[in-house]
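Chain by chain, the residues run as shown.
There are 2 protein chains.
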Amino acid sequence: MLGRVNLTPVEKARTILLDALGNSAKKTETCSLPDALDRILSCDVLSPEDLPNHPRSTMDGFAVRAADTFGASSTMPCYLEINGDVAMGQMPKGSVRQGKCFRIATGGLLPDGSDAVMMFEHTIPVDEKMIEVVKSVGVGINFINKGEDIAKDSPALASGHLLRPQDLGLLAGLGIAEVEVYTKAKVGILSTGDEIVHWSESPPPGKIRDINAITLSGLCKRAGAVVTDYGIVTDSEESFFETLERASNENDVVLFSGGSSVGMRDLGERVIEKLGSPGILVHGVALKPGKPVIIGLSNGTAIFGLPGHPVSAMVCFELFVDPALRLIAGISHPEKSMRPTVNAILDRNLNSAAGRLDLVRVQIQEQEDDLPLAVPVLGKSGSISTLSRAHGYFFINEASQGLNKDTQVKIHLLL
Amino acid sequence: MLGRVNLTPVEKARTILLDALGNSAKKTETCSLPDALDRILSCDVLSPEDLPNHPRSTMDGFAVRAADTFGASSTMPCYLEINGDVAMGQMPKGSVRQGKCFRIATGGLLPDGSDAVMMFEHTIPVDEKMIEVVKSVGVGINFINKGEDIAKDSPALASGHLLRPQDLGLLAGLGIAEVEVYTKAKVGILSTGDEIVHWSESPPPGKIRDINAITLSGLCKRAGAVVTDYGIVTDSEESFFETLERASNENDVVLFSGGSSVGMRDLGERVIEKLGSPGILVHGVALKPGKPVIIGLSNGTAIFGLPGHPVSAMVCFELFVDPALRLIAGISHPEKSMRPTVNAILDRNLNSAAGRLDLVRVQIQEQEDDLPLAVPVLGKSGSISTLSRAHGYFFINEASQGLNKDTQVKIHLLL
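Same order as they appear, the protein sequences are chains A and B.
Under this note's numbering, the first residue of the first sequence carries the number 12, and numbering increases by one thereafter.
Under this note's numbering, the first residue of the second sequence carries the number 12, and numbering increases by one thereafter.
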């Protein structure tokens with residue numbers, strides 16, 4: 012029986028888990044650039060070359076010697092002879108001498124001798140071969156210098172960096188075709204319980220459809236993991252252990268859910284201990300909903316016995332499984348949730364028990380001229396619709412016995 | 012030449028685009044539940060049945076008639092005879108009569124005659140057949156009633172809803188195996204310019220690697236779109252038009268980038284007009300960086316001519332293409348960015364031109380006891396590394412001529 016005593020505080024439970032997992036070496040693999048979106052770099056990337064590798068114009072205009080334009084104005088223009096054209100995609104032929112200029116378009120390479128680009132807008136054509144310049148330009152203006160974007164051998168991206176679209180762009184610009192990244196976490200999912208049937212079946216009297224497998228699978232996929240569904244196992248110790256052992260051999264993380272009855276909880280504990288050391292890390296946390304979670308580690312595989320109630324299962328995923336997946340994925344500070352937050356005003360008084368972390372599901376109602384309202388979604392932890400209706404959640408911490416109406420709360424958004 | 016005059020303000024340009032696109036009928040398709048994660052429902056879903064379809068215990072304990080326990084306390088317990096067991100996954104046999112109870116585990120179906128579940132914790136076994144009850148329980152306590160999660164024929168999820176993991180759980184619980192969703196937007200991407208080579212190639216002198224195609228492709232994928240890469244087209248009108256026409260026939264959205272020189276901009280305009288009506292919607296917006304963007308619509312396909320500079324291209328994607336993709340995806344209020352935001356304190360004075368929206372890339376530096384600092388990432392719009400180094404961006408709006416140090420700014424995070 013899981014009473015109030017011996018419950019581990021949530022933060023302590025998470026620390027025990029992450030410390031234990033952190034000792035296992037993280038696996039890495041080589042990944043081609045187009046497949047590297049949203050992966051995490053496992054080593055630093057240095058720039059193999061200068062970007063750009065030649066000074067390039069950032070304007071349409073004329074490559075000039077800046078000194079030739081000094082003092083030019085609309086009342087006192089200077090005149091430059093057009094002595095060449097920079098063809099796009101080709102090295103300029105010849106060099107810009109005093110009193111001369113080359114036509115150049117955005118992206119064109121700066122010809123030798125020039126040290127600035129005069130914008131078209133500040134010139135007036137005199138004839139085919141001559142322009143009037145009505146504004147001066149400084150040295151280094153209107154072009155991007157060799158290595159100005161990134162210099163050869165300088166750090167381009169650091170180990171642990173999440174590869175966003177613009178990071179792939181940087182790597183493409185440097186001609187880096189593949190990168191070393193952490194492997195995606197592999198997660199095996201089991202549902203347990205004699206009362207559970209697959210969601211695609213029509214449950215006979217007394218049985219219910221499995222809600223947790225597809226919910227947990229979606230959460231894992233959003234965390235970047237690769238999911239294998241091991242189906243539904245019955246309450247017999249033999250079949251449970253056999254499937255759990257196979258799943259733990261084949262994955263970095265195994266989730267089983269259901270088995271929230273006393274007998275099933277005991278069974279869950281026994282099979283984890285049987286799988287291998289160190290076995291159970293935490294059994295029961297000071298959390299509502301989600302108290303009966305079991306956290307274990309066997310032969311390097313993290314094993315989570317999640318409560319059967321869908322809301323409790325998702326809360327435990329959020330607080331324990333997700334940080335473990337972030338750690339395996341190579342994200343720094345895996346204990347920190349990545350969910351965006353908004354501040355809101357609680358619309359009623361809420362009670363809570365001291366010594367326990369409460370997670371309260373809420374809907375958010377926009378208000379004019381004030382922070383939005385946080386309206387708790389009431390309902391039992393067996394009620395999946397409360398999670399579907401919720402826009403987010405906030406915590407009532409262990410020290411608190413409740414919150415008063417109009418308290419400002421920080422909502423973690425369930426986007 | 013694209014000067015200051017005739018530039019369209021950013022919000023107006025976006026409204027023109029979304030209004031024009033909104034007239035095209037959105038396409039929908041049937042999607043199986045496991046594939047429906049992160050898709051958008053295209054019609055309301057009503058619950059086909061009660062969930063749960065029978066009252067179920069939410070505790071381990073005893074199914075009782077609540078009235079039998081009224082007044083029970085540890086000093087004045089009442090006694091109940093154990094008259095049966097609820098087997099998990101089966102309909103209970105028999106019914107609970109006055110003074111009797113059934114053993115029941117979490118998830119067990121409430122037997123006839125009972126109207127509450129007494130928790131194990133509040134009972135003391137007397138012998139095999141008798142318990143002492145030390146606390147009263149009210150009618151309806153510790154079980155979830157038939158239809159309490161969701162009632163038959165009531166709305167489960169509304170059209171336009173993004174299917175999150177918990178929403179798939181709700182649908183699974185209701186036995187809904189497939190849903191109608193909006194089709195994923197199809198996006199074709201072209202790069203233009205005689206100076207561009209594919210990023211996997213080693214560029215000969217004068218040429219540079221294509222940065223935009225892989226960056227834009229990543230941005231599209233993150234927006235849930237399906238991307239086809241049409242490669243690099245040269246600056247010849249014939250080859251450009253031919254590829255653009257094919258891409259626009261095969262996609263909902265086409266992006267071409269590069270061609271930031273005057274000649275290429277004119278070419279981009281001509282080919283969009285040639286493709287079909289209404290043609291060009293917007294050419295040039297009051298935005299820095301990103302001014303030379305071209306927005307068109309031909310035969311129902313949105314066509315974007317994005318600036319060649321990587322930073323400008325990404326900014327235009329963010330402000331115009333992303334909202335268009337959200338509209339096509341069926342998301343309500345597509346004009347609203349989905350990026351999370353944080354407030355920060357600007358670390359220096361910044362100038363800006365009135366009448367133009369400025370987007371300023373920043374790094375965020377955490378500070379103790381205050382909002383984080385927003386530190387602008389300086390660099391030209393041709394510099395992809397500035398985007399890779401940026402943690403987010405903020406706007407300086409059209410009415411402003413700059414911001415002072417210590418102004419609070421709202422950072423849109425580039426996660």
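Don't take each hint at face value.
[As the list claims (entries may be wrong)] No farther apart than 30 angstroms at their CA atoms in a straight line, the calculated lysine-lysine pairs in the DSS-like style are these:
id, chain 1, residue 1, chain 2, residue 2
1, A, 104, B, 38
2, B, 391, A, 111
3, A, 23, A, 285
4, A, 391, B, 391
Worth flagging that the hints you see were computed from the coordinates, not collected in a lab.
Review point. Which earlier hints can't be squared with this structure?
Key: 1 and 4
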